[in-house]
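Residue numbers (this note's numbering), protein chains in the order written: chain A, 1 to 437; chain B, 1001 to 1437.
In case anyone wonders, no lab produced these hints; they're calculated from the structure.
Any given hint could turn out to be false.
[What the hints assert, rightly or not] FRET-style restraints, in silico, Cβ to Cβ: (1) A:Ala80 with B:Thr1340: 46 to 54 Å; (2) B:Leu1408 with A:Ser330: 52 to 60 Å; (3) A:Gly281 with B:Lys1341: 15 to 23 Å; (4) A:Thr337 with B:Thr1199: 40 to 48 Å; (5) A:Ser330 with B:Gly1247: 52 to 60 Å.
Ideal placement from N, C-alpha and C gives every residue a C-beta, glycine not left out.
There are 2 protein chains.
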Amino acid sequence: MKPLRSSFPLSALSLALACAALTAGTAHAQNLDAAAEVKRVLASPVFKSAAATIDKEHERIVEEGIKLTEIPAPPFGEKARAEEFAKMLQAAGLSDVQIDPEGNVLGLRKGTRSDGKVVVVSAHLDTVFPAGTDVKVKRQGTKLYAPGIGDDTLSLAVLLGFVRAMKEAGVNTRDDILFVGTVGEEGPGDLRGVRYLFTKGAYKDKIKSFFSVESGDVNRVTNGGVGSKRYRITFSGPGGHSYGAFGSVNPMFAQAQAAAEFSRILVPAKPKTTYSIGLIGGGTSVNSIPVSSWMEVDMRSESVDELKRLEDRMLKIMQEAAEGENFARSTTNAKITVETKLIGDRPAGNTDMKAEIVQIATAAIEAGGYKPDYNWSSTDSNMPMNLGIPALTIGRGDVGKSGRSHSLDEWTDVEKGPMVKAMTTSLSIVLTATGME
Amino acid sequence: MKPLRSSFPLSALSLALACAALTAGTAHAQNLDAAAEVKRVLASPVFKSAAATIDKEHERIVEEGIKLTEIPAPPFGEKARAEEFAKMLQAAGLSDVQIDPEGNVLGLRKGTRSDGKVVVVSAHLDTVFPAGTDVKVKRQGTKLYAPGIGDDTLSLAVLLGFVRAMKEAGVNTRDDILFVGTVGEEGPGDLRGVRYLFTKGAYKDKIKSFFSVESGDVNRVTNGGVGSKRYRITFSGPGGHSYGAFGSVNPMFAQAQAAAEFSRILVPAKPKTTYSIGLIGGGTSVNSIPVSSWMEVDMRSESVDELKRLEDRMLKIMQEAAEGENFARSTTNAKITVETKLIGDRPAGNTDMKAEIVQIATAAIEAGGYKPDYNWSSTDSNMPMNLGIPALTIGRGDVGKSGRSHSLDEWTDVEKGPMVKAMTTSLSIVLTATGME
Chain A
1 MKPLRSSFPL
11 SALSLALACA
21 ALTAGTAHAQ
31 NLDAAAEVKR
41 VLASPVFKSA
51 AATIDKEHER
61 IVEEGIKLTE
71 IPAPPFGEKA
81 RAEEFAKMLQ
91 AAGLSDVQID
101 PEGNVLGLRK
111 GTRSDGKVVV
121 VSAHLDTVFP
131 AGTDVKVKRQ
141 GTKLYAPGIG
151 DDTLSLAVLL
161 GFVRAMKEAG
171 VNTRDDILFV
181 GTVGEEGPGD
191 LRGVRYLFTK
201 GAYKDKIKSF
211 FSVESGDVNR
221 VTNGGVGSKR
231 YRITFSGPGG
241 HSYGAFGSVN
251 PMFAQAQAAA
261 EFSRILVPAK
271 PKTTYSIGLI
281 GGGTSVNSIP
291 VSSWMEVDMR
301 SESVDELKRL
311 EDRMLKIMQE
321 AAEGENFARS
331 TTNAKITVET
341 KLIGDRPAGN
351 TDMKAEIVQI
361 ATAAIEAGGY
371 KPDYNWSSTD
381 SNMPMNLGIP
391 ALTIGRGDVG
401 KSGRSHSLDE
411 WTDVEKGPMV
421 KAMTTSLSIV
431 LTATGME
Chain B
1001 MKPLRSSFPL
1011 SALSLALACA
1021 ALTAGTAHAQ
1031 NLDAAAEVKR
1041 VLASPVFKSA
1051 AATIDKEHER
1061 IVEEGIKLTE
1071 IPAPPFGEKA
1081 RAEEFAKMLQ
1091 AAGLSDVQID
1101 PEGNVLGLRK
1111 GTRSDGKVVV
1121 VSAHLDTVFP
1131 AGTDVKVKRQ
1141 GTKLYAPGIG
1151 DDTLSLAVLL
1161 GFVRAMKEAG
1171 VNTRDDILFV
1181 GTVGEEGPGD
1191 LRGVRYLFTK
1201 GAYKDKIKSF
1211 FSVESGDVNR
1221 VTNGGVGSKR
1231 YRITFSGPGG
1241 HSYGAFGSVN
1251 PMFAQAQAAA
1261 EFSRILVPAK
1271 PKTTYSIGLI
1281 GGGTSVNSIP
1291 VSSWMEVDMR
1301 SESVDELKRL
1311 EDRMLKIMQE
1321 AAEGENFARS
1331 TTNAKITVET
1341 KLIGDRPAGN
1351 TDMKAEIVQI
1361 ATAAIEAGGY
1371 KPDYNWSSTD
1381 SNMPMNLGIP
1391 ALTIGRGDVG
1401 KSGRSHSLDE
1411 WTDVEKGPMV
1421 KAMTTSLSIV
1431 LTATGME
């Protein structure tokens, strides 16, 4: 999960939604009294039994979270953790467990009145931390410290807790539920797991709604997916001696011109659209005209159209800057060329506030005694939102019980009372949305 | 020695000289018939005896060159080579040998009618190659391959050969000669050895003229010293999340604006003045506004005034770009600041074509049967030239007998006939200039 802190009041959010190009889930919004449904689920003896199992198993869930956290899962290195999670999912009671070709772990739990589609309940396997990071969990009282513990590894254990609780309580749902551990949610993974799930995997046209269970507070509902495009731009030229070859084209001059022009693009505040240059490099010595120069740019938007507009302008600027340098200095030895390589592509989208799953989440969070907080972020839910499939990223922890995600001192508080309450609230969202009987 | 290939015909050189701010050696140009003096020296039995010693010792000079080449001497790491060279200089017959506080090796040879000043005959101890480079010399026929063999290590052995030849032949000179092995001639050394010699050392106000014996062809006379200034410019700011903190100042945008403006400076073709950006860097990840961004710029000129004009404009541009960014984006968290650090400062200067040492070098080269080739470059001679002290960088090898300087496959050909002839020509320049009796 990208720790984006933009938290909107509802009115601003509505405006943003009005501007956004893609809005998922409006078709499902009509026929449900979400508050009544949540109330029914919470009052049912079966749900109470499931909640009791979670309470009883609290320490086991924590232990399994620790176990999974201590299996490193850097971007593109999730295999060992995936294999362990697959085993645990099977042990928790799902018979149909597999690892798909991309590396996602899939475990199916059949519904009683399935329409042939599934509701996905997922958490992500990967962390941002590179191979070699010390992932040993340190416990101080009820707080656990470890890279990736909160984002998102403990959520995998929470899914296992959900599966066992549903089994022990004999929960029946209308819908088939596909429990998923995704690969590649974090930066360089570029949503490869969820992308595969929706565009290539066995369930690609069979997912009716999507929940990503994340590290955050249970009252936090991420119903907007900020899209992003990232490029590595490389300017190349002939190079040469800084004195002897003076007057020859310099890729760093082209890049500077491009970056300066890029910095002048006006973007809307709503739908929020942003850009940055985060990394630059190039050259071999101060006394040589460099052979190449590069920069990595990041562009994001709540709106598909605004992101496209920004991307198009950026790409045009790069070409123009190369061309400008070729007219400003000598190209006798060679011209400046520019290569634009897409290194990140997260689609934008959102789930309408009126969508059934947003209403259910809102009602369940309120019933749990929390105040819903709607957010835009960049998570696995971006992918289904972009495809128009209702999706939410929901929290599984009590408010304020985790922090420092993406840093080496990441922590999460597993104090029993608040953790069980938050988990039970998350479970009530899932079971209401899947039509618990 | 910087391998600058700008070789001027005489008329262009004269024009350049007319424009240059500092011109050394005009005061010495009147009372000498250089051709006649060279002729007298070459015809003298003493000189012939010295030349015969060089011929006899050819293999020994080569062996000593190999020995010194195989002692690594990276920038700021010349000590071991300096100590060995000091011993060898003493063994060659100089009684007053010392290593000065900067690391230069100094060996004095008294003249018969000294005016209390010295003529410096130097070569540089350092190479461009970092510690750990394989400096083992490979011999193929008469060609020696090794990093630094030509530039400038073999010249140290040539100085030893000169000292022994002068001793054996009983050469008397009017002037005291100070034989010097300098540290820090190459890039990062920034002329620290010769700078110390002229501005702080025991001989600082006692040097009347200066010869740097270099790797190049004996017909090549470097009488122009290209000045250079190098800066590392660092832009710093608050940093932040590329999405969450969008709108905040970005040091890479400030740097881009600065670099683009820098690229637009018009400089004169004569006196040749150049600028470049050779290295850039900064940032930690594509999705963060960087905390800092840097670039290294190189500026050079044959003219002190033009170099100063360029430097002043560059420094102003950097400040303006930081200020511009602070007005273009939010400085709520912090402003962009810019640090400009001087990392290289080679003074410009030249020795007038009419100066005695240029006339002597010209006559001696022509007497050797070569065609003089006058150049501007960046060598130890820059320092005295800038101070108005007559200085030349001269070659010690036959034409076309060395190459690939500053590269790992650097080579020099030590074939006896051409090498002895070139060395003898170099010696005739030195002995004519120091008033051989």
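Here's how the hints hold up against the structure:
no.: 1; hint: A:Ala80 with B:Thr1340: 46 to 54 Å; result: 50 Å, holds
no.: 2; hint: B:Leu1408 with A:Ser330: 52 to 60 Å; result: 29 Å, violated
no.: 3; hint: A:Gly281 with B:Lys1341: 15 to 23 Å; result: 19 Å, holds
no.: 4; hint: A:Thr337 with B:Thr1199: 40 to 48 Å; result: 46 Å, holds
no.: 5; hint: A:Ser330 with B:Gly1247: 52 to 60 Å; result: 39 Å, violated
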